[in-house]
Amino acid sequence: MPSLWDHYSVANAYDEMRSSDNLARPSSSRLSHYLNSLDGNALEARKTAAEMAILEMGITFTVYSDEGNIDRAWPFDIIPRIIEYKEWRHVETGLKQRLKALNCFIDDMYNDQTFMKEGLIPSEIITSSKNFIPECVGMHPKHGVWANICGTDLVRDIDGTFFVLEDNLRVPSGVSYMIENRVITKRVFPELLQDLNVLPVDGYPAHLLDMLVSIAPAGTHRPRIAVLTPGIYNSAYFEHAYLAQQMGAELVEGDDLVVKDDDYVYMRTINGLEKVDVIYRRIDDQFLDPEVFRKDSMLGAKGILRAWKAGKLALANAPGSGVADDKVVYSYVPEMIRYYLNESPILPNVETYLCSNPEHLDYVLKHLAELVVKPANESGGYGMLVGPHSTAAEISKFHKIIQENPRNYIAQPTLALSTCPTLCDNKLEPRHIDLRPFILQGDSSFVTAGGLTRVALQRGSLVVNSSQGGGSKDTWIINTET
Amino acid sequence: MLSRSAERLYWLARYVERTENTARLLSVYMNLMFDLPMGMELSWRYLLNITGSENIFYKLYESPTEQNTMHFLIAETRNPGSLFSSLSYARESIRTSRDEMPDEAWQLVNEMYLYTKNNTDLVSERSGRVLLLQEITQGCQRFTGFLSGAMSHDHALSFIRLGRSIERADMTTRILDIGSVLLAEDRSDQMRELESSLWIHVLKSLSAFLMYRKHRRHRINSDDVLDYLLRDKDFPRAVLHCINELQAYNNQLPNSEELKKSLKKLELFLMDMNIEQSTPSQLHDLLDYIQARLGDTHNQIESTWFLPKLET
Chain V
1 MPSLWDHYSV
11 ANAYDEMRSS
21 DNLARPSSSR
31 LSHYLNSLDG
41 NALEARKTAA
51 EMAILEMGIT
61 FTVYSDEGNI
71 DRAWPFDIIP
81 RIIEYKEWRH
91 VETGLKQRLK
101 ALNCFIDDMY
111 NDQTFMKEGL
121 IPSEIITSSK
131 NFIPECVGMH
141 PKHGVWANIC
151 GTDLVRDIDG
161 TFFVLEDNLR
171 VPSGVSYMIE
181 NRVITKRVFP
191 ELLQDLNVLP
201 VDGYPAHLLD
211 MLVSIAPAGT
221 HRPRIAVLTP
231 GIYNSAYFEH
241 AYLAQQMGAE
251 LVEGDDLVVK
261 DDDYVYMRTI
271 NGLEKVDVIY
281 RRIDDQFLDP
291 EVFRKDSMLG
301 AKGILRAWKA
311 GKLALANAPG
321 SGVADDKVVY
331 SYVPEMIRYY
341 LNESPILPNV
351 ETYLCSNPEH
361 LDYVLKHLAE
371 LVVKPANESG
381 GYGMLVGPHS
391 TAAEISKFHK
401 IIQENPRNYI
411 AQPTLALSTC
421 PTLCDNKLEP
431 RHIDLRPFIL
441 QGDSSFVTAG
451 GLTRVALQRG
461 SLVVNSSQGG
471 GSKDTWIINT
481 ET
Chain Z
483 MLSRSAERLY
493 WLARYVERTE
503 NTARLLSVYM
513 NLMFDLPMGM
523 ELSWRYLLNI
533 TGSENIFYKL
543 YESPTEQNTM
553 HFLIAETRNP
563 GSLFSSLSYA
573 RESIRTSRDE
583 MPDEAWQLVN
593 EMYLYTKNNT
603 DLVSERSGRV
613 LLLQEITQGC
623 QRFTGFLSGA
633 MSHDHALSFI
643 RLGRSIERAD
653 MTTRILDIGS
663 VLLAEDRSDQ
673 MRELESSLWI
683 HVLKSLSAFL
693 MYRKHRRHRI
703 NSDDVLDYLL
713 RDKDFPRAVL
723 HCINELQAYN
733 NQLPNSEELK
743 KSLKKLELFL
753 MDMNIEQSTP
763 SQLHDLLDYI
773 QARLGDTHNQ
783 IESTWFLPKL
793 ET
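Chains as they are written, first to last, in this note's numbering: chain V, 1 to 482; chain Z, 483 to 794.
In short, the hints are calculated from the structure, not lab data.
Being a predicted model, the structure only gives us computed values, none of them experimental.
Each residue gets a CB set at the ideal place from its N, CA and C atoms; glycine is no exception.
Misleading hints may appear alongside valid ones.
Stated by the list, open to error - Partial chain Z-side listing against chain V, Cβ under 10 Å, derived:
#	residue
1	538
2	540
3	583
4	631
5	634
6	637
7	739
8	742
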């Protein structure tokens, strides 16, 4: 009997569902088998049902260049990605370890700077970082934690090892889509989820709320919590609203907030001004407070940094956390883990060449065609070069711009990102994926069960960002041993 | 609650109510047109007059044919008063109020929006149009019904109800404006003969026909219908009833003293006014006056709760 999998090719990458001889991996055998019981048309019908659900639920993201069309439906592939529970526990421990070390590092950089003084990182990397905020020097946020919410991007190499690609410590997004993806899957494959031991993902907002409560200024009883959004035109507005709703927090914009002379933050309500204790801000540092940062910012609230420094407001993430969200600083994380925690790193970094280092720069310039080059400070997949997929003209352009500002670039080998079966025109084909779990740290640490799997929908493409034509998948952590 | 959220909920309710009322008005007007013999005074153009949209219409279309008028009032995105525009504004308001309402509320509005957006071709012929308007009316009722079973009686709901009641009162006065044609001195004999059937349509457009029959037990005539729809205390779409509701919801909100006074004044005016034997122009002026007071009420709601107070 012909199988759906007969023509599936697993060459040149680790496939999440099929082994190199095209057999189902143990954690995926039920799913593989089940999918085989559906024909291409039945799969397409489920896909249509998923698209309808996405439209009706209004799961959207915004693309700035789409004139007149604020929302775009969230691109979703119905075939889930599966990770075995035991393996996941290992990754989870590694992620907690990593965020703890990063927070020790940030606290150190704004205080004693011992890591720097002991020569473990060159001081110019910090002093030249546009994310180092002098106003934060001397601060100690509660629990010593600056980055309370982190989205870490993981990829698997050809042998299946998970590597950390980057840590997003500023305003990482995507967690609401992780939760909504599961809601859609439950509608599309209800019979399948029932029989499998898949860990739930919808507990995240409750953990987020607990974490935000745990960082409230000392002495606040039942803290008032708000999510600060740049507004309805922001690409992640859906997520801001979703999280506020799920936590029962207020969704505020900069205009709604006032910082009075007593350094407390208030919001404008129908009763007049009411105090706010904790703000989960989804606005970048530079727009947060026109009193201190960009004067032209219309998004933030004047005086919010003053309130934070006076200890009358908790901000998550703390201003200045971005100092560790830098692809150059990234390369020092394994050393941070050894230094601050006295542990060995559980999750490896991807080998990284720093263009600020003359030897590395020399190597990078000679091997551009094989490397991925990234700006140290951008997110969203903008401004990067994927050497093997680029033209000679693009490569020579990067040759030039890297030399103009070497500090701003890093390079990494082009990884053969793992693949996962993805529905393309009635057929399952391998497409490259990554994974963004979300880690919380307040008085304790929490990691989502899995995370947001992003998929590059173009054949062979390695770019998974939704703003660049990527999609997403539901991620299942399955315990096969119970 | 945040002033911003209060304002969005208030507008959400106004736009959903406006969507429903537009659907009702158009359905009834269509019925009325089909009942009338050819060549009567009532025309599609008059519908543009009631909705106050003649100016925009003539910028976009040549003549007020049935097709043009209906497309303009239902599906035209360039007409801010079209049913689809109201629905789009409602959707935008609820999209940005999702932290205040259960998910299903958003989905109900979003589904209606998607349905209308995907079915605008239905508007071109009568049977499709009837179907679409019916679907929208029911969709709005599902939304209102859902809220009554799923929202706590808190400030959020008070703002939703304020928005709904003020919009309702306003629409009732606009629909009664049809009456000024029915009462025109120079109306034809044929029109005089059809008078009571025309008033039945007016009642039906507000779902008031049965309640009127039950509670007034008169034969249908203009004075009674006007009296019923302007100042019945119990019928939900009667203007006085809407004012009483505004008073009740206002009392549940903070800083409500000023609005309380002006609503009382409006209530007394409605109870004291004389509507018997009105001429069309008297009626029109009266309705205009009520609409202006409703506008004042809106401004007062805005300045009391929505406008960011600048003192720090």
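Hints, verified against the model:
For the restraint placing residue 538 of chain Z at the interface with chain V, the shortest Cβ-Cβ distance is roughly 20 Å, beyond the 10 Å limit, so the hint is violated. Hint on residue 540 of chain Z is violated. Least Cβ distance to chain V is approximately 25 Å, over the 10 Å limit. Checking residue 583 of chain Z against chain V: minimum C-beta separation of about 8 Å stays under 10 Å; hint holds. Hint on residue 631 of chain Z is violated. Least Cβ distance to chain V is approximately 19 Å, over the 10 Å limit.
Taking 10 Å as the C-beta cut-off, the interface hint given for residue 634 of chain Z is violated, the closest approach to chain V being about 12 Å. Evaluation of the residue 637 of chain Z hint against chain V yields a held restraint, the C-beta minimum of about 6 Å falling below 10 Å. Taking 10 Å as the C-beta cut-off, the interface hint given for residue 739 of chain Z is violated, the closest approach to chain V being about 14 Å. Residue-level restraint check for residue 742 of chain Z is violated (minimum Cβ-Cβ distance to chain V is 15 Å; threshold 10 Å).
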